[in-house]
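Residue numbers (UniProt numbering), protein chains in the order written: chain H, 1 to 671; chain S, 1 to 671; chain R, 1 to 671.
Don't take each hint at face value.
[Said to hold, decoys possible] Calculated pairs, BS3-like style, for lysine-lysine (alpha carbon to alpha carbon, straight line, at most 25 Å):
| no. | chain 1 | residue 1 | chain 2 | residue 2 |
| --- | --- | --- | --- | --- |
| 1 | H | Lys-323 | S | Lys-539 |
| 2 | S | Lys-539 | H | Lys-93 |
| 3 | S | Lys-93 | H | Lys-635 |
| 4 | H | Lys-65 | H | Lys-106 |
| 5 | R | Lys-106 | S | Lys-106 |
| 6 | S | Lys-93 | R | Lys-163 |
| 7 | S | Lys-53 | H | Lys-27 |
| 8 | H | Lys-170 | R | Lys-53 |
| 9 | H | Lys-65 | S | Lys-181 |
| 10 | R | Lys-607 | H | Lys-163 |
| 11 | H | Lys-539 | R | Lys-635 |
| 12 | R | Lys-106 | H | Lys-163 |
| 13 | S | Lys-65 | R | Lys-181 |
| 14 | S | Lys-93 | R | Lys-170 |
| 15 | R | Lys-170 | S | Lys-53 |
| 16 | H | Lys-181 | R | Lys-53 |
| 17 | S | Lys-399 | S | Lys-472 |
| 18 | H | Lys-106 | R | Lys-106 |
| 19 | S | Lys-106 | H | Lys-106 |
| 20 | R | Lys-6 | S | Lys-93 |
| 21 | H | Lys-170 | R | Lys-93 |
Because the hints were derived from the structure by calculation, they are not lab data.
Given next are the chains, with one letter for each unit.
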Amino acid sequence: MIECDKISKMVYGGDYNPEQWSEDVWKEDMRMFKLAGIDIVTLNVFSWALLQKDDDVYDFSLLDKIMDMVKENGLYVCLATSTGAHPAWMARKYPDILRTEFGGMKRKFGGRHNSCPNSPTYKKFSVRLARKLAERYKDYDNVVAWHISNEFGGECFCDNCEKAFRVWLKEKYGTLEALNKAWNTTFWGHTFYDWDEIVLPDLRSEHFAYERTMFQGISLDYRRFMSDSMLERYKDEYNAIKEITPDVQITTNLMGFYKPLDYQKWAKYMDFVSWDNYPANDDSYAKIAMDHDLMRGVKQGKPFALMEQTPSVTNWLSYNALKRPGVMRLWSYQAVAHGADTIMFFQMRRSIGACEKYHGAVIDHVGNENTRVFREIAALGKELEEIGDLTLGSRTKAKIGLLFDWDNWWSIEYSAGPSCELRYLTEFGRYYESLRKMNYDVDIIGMDDALEPYAIVIAPVLYMVKGDYDEKIRSYTRNGGTFVTTFFSGIVQENDLVTLGGYPGKLRDIMGIWVEEIDALPNGEENEFTYEGEKYPAKLLCDIIHTEGAKSLSEYEKDFYAGSPAATVNSFGKGKAYYIGTASSEAFYQKLLTEICEDAGVTPVLKTPEMVEVTSRENEKGRYLFVMNHADESKKISLSGNYKDIITGKNYHEQEMVLPGKDVAILREEK
Amino acid sequence: MIECDKISKMVYGGDYNPEQWSEDVWKEDMRMFKLAGIDIVTLNVFSWALLQKDDDVYDFSLLDKIMDMVKENGLYVCLATSTGAHPAWMARKYPDILRTEFGGMKRKFGGRHNSCPNSPTYKKFSVRLARKLAERYKDYDNVVAWHISNEFGGECFCDNCEKAFRVWLKEKYGTLEALNKAWNTTFWGHTFYDWDEIVLPDLRSEHFAYERTMFQGISLDYRRFMSDSMLERYKDEYNAIKEITPDVQITTNLMGFYKPLDYQKWAKYMDFVSWDNYPANDDSYAKIAMDHDLMRGVKQGKPFALMEQTPSVTNWLSYNALKRPGVMRLWSYQAVAHGADTIMFFQMRRSIGACEKYHGAVIDHVGNENTRVFREIAALGKELEEIGDLTLGSRTKAKIGLLFDWDNWWSIEYSAGPSCELRYLTEFGRYYESLRKMNYDVDIIGMDDALEPYAIVIAPVLYMVKGDYDEKIRSYTRNGGTFVTTFFSGIVQENDLVTLGGYPGKLRDIMGIWVEEIDALPNGEENEFTYEGEKYPAKLLCDIIHTEGAKSLSEYEKDFYAGSPAATVNSFGKGKAYYIGTASSEAFYQKLLTEICEDAGVTPVLKTPEMVEVTSRENEKGRYLFVMNHADESKKISLSGNYKDIITGKNYHEQEMVLPGKDVAILREEK
Amino acid sequence: MIECDKISKMVYGGDYNPEQWSEDVWKEDMRMFKLAGIDIVTLNVFSWALLQKDDDVYDFSLLDKIMDMVKENGLYVCLATSTGAHPAWMARKYPDILRTEFGGMKRKFGGRHNSCPNSPTYKKFSVRLARKLAERYKDYDNVVAWHISNEFGGECFCDNCEKAFRVWLKEKYGTLEALNKAWNTTFWGHTFYDWDEIVLPDLRSEHFAYERTMFQGISLDYRRFMSDSMLERYKDEYNAIKEITPDVQITTNLMGFYKPLDYQKWAKYMDFVSWDNYPANDDSYAKIAMDHDLMRGVKQGKPFALMEQTPSVTNWLSYNALKRPGVMRLWSYQAVAHGADTIMFFQMRRSIGACEKYHGAVIDHVGNENTRVFREIAALGKELEEIGDLTLGSRTKAKIGLLFDWDNWWSIEYSAGPSCELRYLTEFGRYYESLRKMNYDVDIIGMDDALEPYAIVIAPVLYMVKGDYDEKIRSYTRNGGTFVTTFFSGIVQENDLVTLGGYPGKLRDIMGIWVEEIDALPNGEENEFTYEGEKYPAKLLCDIIHTEGAKSLSEYEKDFYAGSPAATVNSFGKGKAYYIGTASSEAFYQKLLTEICEDAGVTPVLKTPEMVEVTSRENEKGRYLFVMNHADESKKISLSGNYKDIITGKNYHEQEMVLPGKDVAILREEK
C-alpha cells in the first residue's frame, strides 16, 4: 500500500500521462479528477525520451510543470522513473540496450520493456535518470511513492546476457566441476572444460521449443539468472533513490502469477508490493483472488497497492468485452478484501494514438463526465471517502498456508515427461480455488516463510525439495501440523537432479509411502476412486503407491493398479501427512479439504451460497468481513453475529442479509 | 480490357511459355490454339534469366523466334516485361535485390516476386529491360498490350527499404515534429529526434505478430510506403515503355482484394485493369462477384481483362478439386457479366517440372485435344466468336455505391481491440453479398470517387475518415442521398488518431447519434434485436447508442444495454443516414437493404430464384442481362420484357426461361 | 543381429552409461544385470567430451575401467564411437561443426545429433576418434559389434553444406545444361549460368514451409544430398574401424520409417541393421510391425537387432503412459517375430539429470530389483535363455512384396497439388496393415530388389518411376507376376519431371488404362463404388480412368464421372496388373487383397481372431509361427497342424489354443 501520514483513507487514482496532451486539457482533467474523488496520480511512466535527449542532455521542464500542476491541485504522486522504455536515440547509438529474442533475433527499437537487463548502457543511464529524478523532486512532499520502471518482465538472449550468465554461474558454483555435476553434463557428453564454452539456453542451443529443453539444469539456472538480472536493475535504481529520499517508499508494479520473475525474491527488496490486475474474460473470481493472495503473500501479508486495473475494457484481449455495471466496483473491493489499501486505474485519460487507445480510462474519448464508466468511478470515489481509514493496515489471519515456489514452477514445466498437461498453476489452483470457493482464508507462502503460523500447510506438486526444506516439513508435521502434498512431489533437489532411493524422495518417511511408478493419462482418459461413498475421477497422473506406514484413503478402481492407493494419510509425530496421488474434480477437493480443515479445527470465514465470496481482515479498529456477490442475481446470506456494513451503515443482528448481484458489503464485527 | 481496333470480339487466350518447350512442340501448340479459338497469348512472363545473362549481355534470339512464330500464326500478344522474377546470377552479384522477411530473415535466390522494390539493382535493371523490349518489339503490330512484371505483391523489410521509408516519411511529414504528432510518439516514450532513429516496423521492432502492432501510425505508414514503393517500380517500367510505344495499352495483373497494394491508387497509373481470378473451393458466387466488381470499380467502371483463370484445377489449394463441367464457362461469363471484355487462362500448356505442373492448362500433359477440359475451352472459343463485338465496351449502371478503402482495411485490422474477429472484408462482404444475391448491381467505389451518381452509398465500418471525407458525405446526404454506415465508424482520422468528442466522430451530426461504448461479444455469444417483427442476432460488436436526432430502428433485447438502439436512421437535409450498430445475419441485411432500396427507388436487375445471378451491362448496341445459374439443377426465371439470348439466339417474350444447372444466358433487351 | 560365435541365444541387454555414475554404483549394476539375464551392453554412446578434451588431448582412462569391469563380469559389448554429440569446446573452437536450421538460424552448442555432416572439423575428428577406439579396444574379444554415432538424422543448411551441395550436383549432372534441364529451370526464370549461383533450398530460397517448395527438383536433390552427406560420415568411421577390426560387425541404429535418410541406400554399407523402436501411445500393432518389416527389408531379410526400446515409459511423448504388464515382453517378441535376433533396451540405469531422466530403464531411480518393470525384464531374460539358439538366423519367406521408396516419399510429399492430405506412408500403410491384420507375411522391398521371389508385388502410389523401373515391372508381370498399383502413379521420372503422353506414364501399357483427370476430394467428402455387392467409399483422390484393354472392377457412383472405373485389372502377358484409382476403407482393401492373394495362390500364415498377430520364420532347425495376442482379453486360435510352443514346451495337435491377453506363443511346426 501507499503509506503516508497525510492520507487517512484508501488511496484512489491511476496512471496519468499529461505529456500526451496539451495544457488546456490538463485543466479539464483536474476538474474531473475532483469530481471522481481522485487522490493520487502515477506520473512519468513513459517519459524517458522526453527527459533525456542525448547522453548528457536532460530536460525536466515539462515534468516540472506537471508536478507543479498536480501539487497545486492537491494530488499525491506516485513518481515513476520511466525506465520501462528507452529512447529511440539511445537504441540507435547504443544497440547493446536492445534485447535479443529466444531464437536469436536481435531487436530494433520499438515497443516497451525493451531494454536488455545486462546492457551496460541500460545500467548506466537508468540509474542516472532515477538519481536525477530523486534529486529534482525530493522536496515535493506530495510524492508518496516511487515506481521503478514498469512491469519488469520478458527475457533477453544476447551476447551480453551470455557473458553475464557465466559470471553468475561462476559465483554460484565456484568450479566447473560443481557445475558439471549440478547439470549432470555427462549426459549427452556435455562436459564443460572452460566457462566460455557455456552458451545460453535458447532455441539455438538446448531448447527445441520455448518451454522444451534438453538440459533442465542450465535452463532452470537461466530462468533464475534472468530474474536476478532484472532484479539487479531494479535494485540499482532503488539504491540510487533511497540515498536521496530515504523516507519515501519504493515499489514497482508486479503482475500476479508472472512466471519469468521470482517475486518472492523480488519482494524482499520492495518497500511495498503493488500490482496490475487484468483478468481475462472468463477468469473465475477465485482465480482473481488467487493472484491477490499471492501478491499479499510475497510480502508476508503486508497490505499492497492495486496499481492498475481498467475501469472498463482492455485493448489486448481477443474480445474486449465491457466490464458490466458494478464489476469495476466489485473487483476494486475484492482487491481490498484480499489485502489492498490502494485502488488505482490504468489510465486516467484515454490516449488517442497507438495500441492502447481502446483501453478503458477514467476520462473517455468523449472527454466529459457523462458516461456510465465515469459515474461508477465517481460513486466509488465517494464511498472510499466515507469509509475513510477504518480498514487501513488490516491483516488477514489465515490458518491455511499454500506453498508456492517459482523454482518449482519453472522446473515442473521444463520437465520432459511424464505429461505435457502437467501445469503447476493448474494443480495449485485446484487446491486454492476449492478453498476459496468455501471461504477459507488462505496465505500463499514461499519456501522462506515459517510454517508454524498455520494449522494446515498444502504444497501441491512439491516436485523440487530445495536444500533441507524436507526438514522444515518434518519438524512442522512432527509438531502437530497437517501437511498435504500430491503426486510428482519430492522428486528432485534444487538442481533438478533426481533424489535416488524411491519417490517421493526426501518426503518418503514423512508421507509413509513409496511411489513405484507414475502413469500418465492421455487427455480424456480417466481412472476413478471412491472416497466416502462417492466416486471421483483420477486424471492426469496416477501414482502407483505402496504404503509404508501410511493409511490408504481410497484406491484406484481400474487398470492394472486397481486396488492400490490413490490417496493416503500418515500419522507423523503429532501431525498428519496427506498424499494425494492423482488429480481429481473440484467436488473431491472440496470434500477432502473440508474434512482436513475440520480435523485441524480450521473454519471458513462464513458459509455462503455459491458465487458469494467472503474474506476477513483485522486491524486495531476491528475485524471486517468482505462479502462480495459475484453473481448477477441477488443472494441471501445468513449472519450469525452482529455486524455493521461500513459502506451503507446498515446493521445486521444474526439475520439474513440480501446482497444484490455484483454488490459488496464490508461487515464490521460488532459486539 | 485489351482494346485494339483489329479485334472486334472478346479476346480469348492465356499465358504461354514456349521457352519451356522444344520447337517441335510449338507447332502442335499452334494447331491446338486454332482448334480452341485462341486469339492472344501472354508471352515472356518469366524470361528475365534467359534474356539477360550478365550486366550487359542480353540475348533476345529465342524471344524473337517466338514472337515471329506467334505473329505468323495470327495471334495477338500481351507482352510481359518478365521482371516478376530476377535471374540467379543477379541475386548472387547484387544481393541488394533480395528481399528481407518480416522477422528479418534475409532471403537468398529463389521463387518469384522476389525483388526488393527499393533495391537500386532492381530499379536499374528492370527499367532497362522494359525499355529494351519496347525498342525491340515496337514494330510488332500484333502486340496489343504490355504486361508489366507479374502479380506485384509481397513486402520487404531490408535496410534499403528502411532508408527509403525515411525519405518517404520526410516527404510526407516535412518535420519530425509533425511525424511525432501523427504517430502520437509521446505514448510509450517513442519521441524521435532524428530521422535515422526511425526503424521499420516489423517483428524486430513494433510488431508482436504479423498484423499485431504496438504503434498503428508507423505500421500503417509502412503499408502505404510499401504499396507506393512497388507502384514506383511499376511506373518506372510504364514510363520507359510509353515513351517508345505510346499507343499500346499497359497493364499489370492485379489480384482482387489483395491487401498489401492499394489498387485504387495503382489503377490511376494503369491503362486498363487486368486481374487473376482464382477462387477457393468454397467461395460463393457472390464472393467471386465482389472481386470482379472491385476490379471494375478501381478503374471507374472501365471494362477489364480477366488475365488469368485456371481451365480446371489449381495446384496450391489444400484440395485441388476439378472445376466441374460447365464451371469454367460459367465463371468466364461471370467475369464478363461484371465488366470483363477479355477472357484468358493460366496456362496454355501444362509445364512438366516445378510447382505449377499440376496446375490446369489448355493443353494437358497428355498433349492432345481429346480431353474434357480442352473440349470445353474450344466450345467457349466458338461461342465468343459468335457473340462477336456485341457486348464490347458496355458498362454497368449501378445505383448503389459501396465504399471500399485500403487505408481502412489496413487500420481496422491493425487495431488493438475491440475484437480480434473484426475483419473489414467480412463486414464489407455482409453488405455486398446480400445485395448481390438479390441481383442489385453495385459499384465498389473509393474515397476519390464521386457519390452523386448513386442513390445509395454504403460504407461498412468507415473506421477512418480521412481529411474532410465527412464533408463529402454531409453534402451527398444533405442533397438527398441515402448514406449507410456501421459500428466502429468515424473513430479516427487519417493517421489513426482518435477524433475526440464522442464516436462516431466527424459523422456524429450526420448520423444524429452518440456511441458511448462498444461492447465486444466473444465468438459464439450473441445479443438480439427485433426488426419489423423478426428477431435477428447482434454479433461481434454492439455499439451502445444514444440518439441525438436520429430515430431508433430497433433496440437490443438483452444485457445491461437492453432497450438502447441497435440501429438508427437520421433525416439529414434531403437525405437519410442509417447507422447499423452491430453485425447480424444475412436475413437481416437482405431485409434492411431491400427497404432502403425501395425507399430510394432502387430496383434489382431481375428477381430470380436462389443461386441464379443476374447483372446488367449497357453499350450503344443495347442493354444486356447476364443470367447465370450457379446451381447444379435447372432453374426457372420469369422474364417480364422481351429478350434475345445472344448465345443461343433464342427469343423470350414475357415468359419463363428455364436455365439448366451451370448454364448462362446473355439476354439483350428487345423492343 | 549381433552375430557372434560365442553367443548361442538371442542377445539381451541395452545402453549403459556408467560414466554418469560413481563406481560403487557399477557393482550394483553388475549384480542386477545378472539377475535380469543381461548379456550385452552398449557403451560409450555419448562420451566424446570425456574422451577428447582438446585437439590432441585424449583420455581413455575411464572407458578403460568400464571396459575392464564389464568384461570381468562376462558381458559382451556393443561399442559406440560416441560421435553422436560433439564436445562443447569443439563447438566453441570450430563453429563450423554446428548446424544451421532450415530458416537459417545458426546453432550454438547444445543437444545431440548436432554436427554438420559437411563440417571439415566433424569429418576430421569423428574419424580420428573411431580409429583411436578401434585401436585401443581391438583386443577385447567381448566387443561383438561397433555402433557408429547414434541415430543419424536431422539436417543442416549452412554455407559448408551449400558448397558441398554444389560439388555433389556437379558430380551428378556434369554440366549446368543437364542440371537446368533436370530442374526445369526455364520455369519462373531460374536458369543457372554458374554453379555458384545455386543456393540450397530452404525457407530463405525455394521453400515457403518445411515441406512446401517452389522447385521440386532442387529440394528433392537436397534431400538426397543430405542423406548421402550423413552416409559419408558413417562410411568414414566404418572404413576406419574396418581396417583395424575387420571381423567385428558394424552398425548404426536406424529409426524405422525415418524420412530424412534413405535407409535402403544406407543398409548397403551396414554389416547388419539395428533400430530403435519407440511406438507412440496409439500406434496399432500393425503399424509397429510395418516398421520391423521395413528394417528387415532394407537388408534383404537378414535378421536385425532391436537396438533400443523402453522397458516402461518414454519421456518425450505428450502423455508418457506406462507400458502395461506384459507389453514389454509382447513387443520384444513382436520384434523377433518380424526378424530380430537381438533385444535391447534404452536404458540400463535411469539417469538423474537432463531430459531423459523420466525415460524408463532396467534399473529405476529406486535402485533395486523390487519393481514390476525389473521383474518383467528378468522373466523375459530367463525365457530367452531357455529358448536358446532355436530361432537364430531364421528367415521370413514372404510371397508378397510391398515396394517402398524414399525418393517417392520425398517427391510425393513435396508435390504442389493435388491434395495436401496425400501422405505416402498413409497410402502405403493401407495396403500393409490390411495384409498384416490378415496375417500375410510381407517383405518391404526397394527398387533395387528383385521382384521374381514374389507372387504379388504391390507398389502403392508409385508416383516416381525412376530410370527403367517400368521395364522391371513389365518383365515381372509379363512372366506371370501380379502387380498392383494405385492413383498418382507413373507420373514423373527421377527428377520429378512429368512423363508426357498421359498418366500413368510409362505404366500405361502395363495397366491398360489412361487417367485423364485426377479429382481431389476435400477432407470429409467422399464418392463411392460397389465392389462385389458391397459399397465402399472413394476418398482423397479419384482418378478418372479410361480403359485401354483393362477391365473395370468397379465404377464411381456419383458426380460427373459416375460410371467411369474406380479400379481396373489388366491381363498383361502371363500376369495381371491391378490399378486402384482411389483411396478407400480397410474393409475394401481386405476384400480386394484377399481375392488377389487367392488368385495368386498366396495364403495367410494362420487365420486368427482380431488382434491376434501371426508371422513365420524358418531356419534349418524348423519353421516357427509367432502368435501374439495384442488384445487385453484371451483369444482362441484354431491350429490345424502339430505344434510345440518353444516358450512353454506345450504341444498342440490340431486343436484350439487359448492365448491370454498380451501373451505370446512361438509354435514350432512338428511332424
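Each hint, compared with the structure:
no., hint, result
1, Lys-323(H) to Lys-539(S), "holds, 18 Å"
2, Lys-539(S) to Lys-93(H), "violated, 49 Å"
3, Lys-93(S) to Lys-635(H), "violated, 77 Å"
4, Lys-65(H) to Lys-106(H), "violated, 38 Å"
5, Lys-106(R) to Lys-106(S), "holds, 13 Å"
6, Lys-93(S) to Lys-163(R), "holds, 17 Å"
7, Lys-53(S) to Lys-27(H), "violated, 70 Å"
8, Lys-170(H) to Lys-53(R), "holds, 21 Å"
9, Lys-65(H) to Lys-181(S), "holds, 20 Å"
10, Lys-607(R) to Lys-163(H), "violated, 67 Å"
11, Lys-539(H) to Lys-635(R), "violated, 31 Å"
12, Lys-106(R) to Lys-163(H), "holds, 19 Å"
13, Lys-65(S) to Lys-181(R), "holds, 20 Å"
14, Lys-93(S) to Lys-170(R), "holds, 21 Å"
15, Lys-170(R) to Lys-53(S), "holds, 21 Å"
16, Lys-181(H) to Lys-53(R), "holds, 17 Å"
17, Lys-399(S) to Lys-472(S), "holds, 18 Å"
18, Lys-106(H) to Lys-106(R), "holds, 13 Å"
19, Lys-106(S) to Lys-106(H), "holds, 13 Å"
20, Lys-6(R) to Lys-93(S), "violated, 64 Å"
21, Lys-170(H) to Lys-93(R), "holds, 21 Å"
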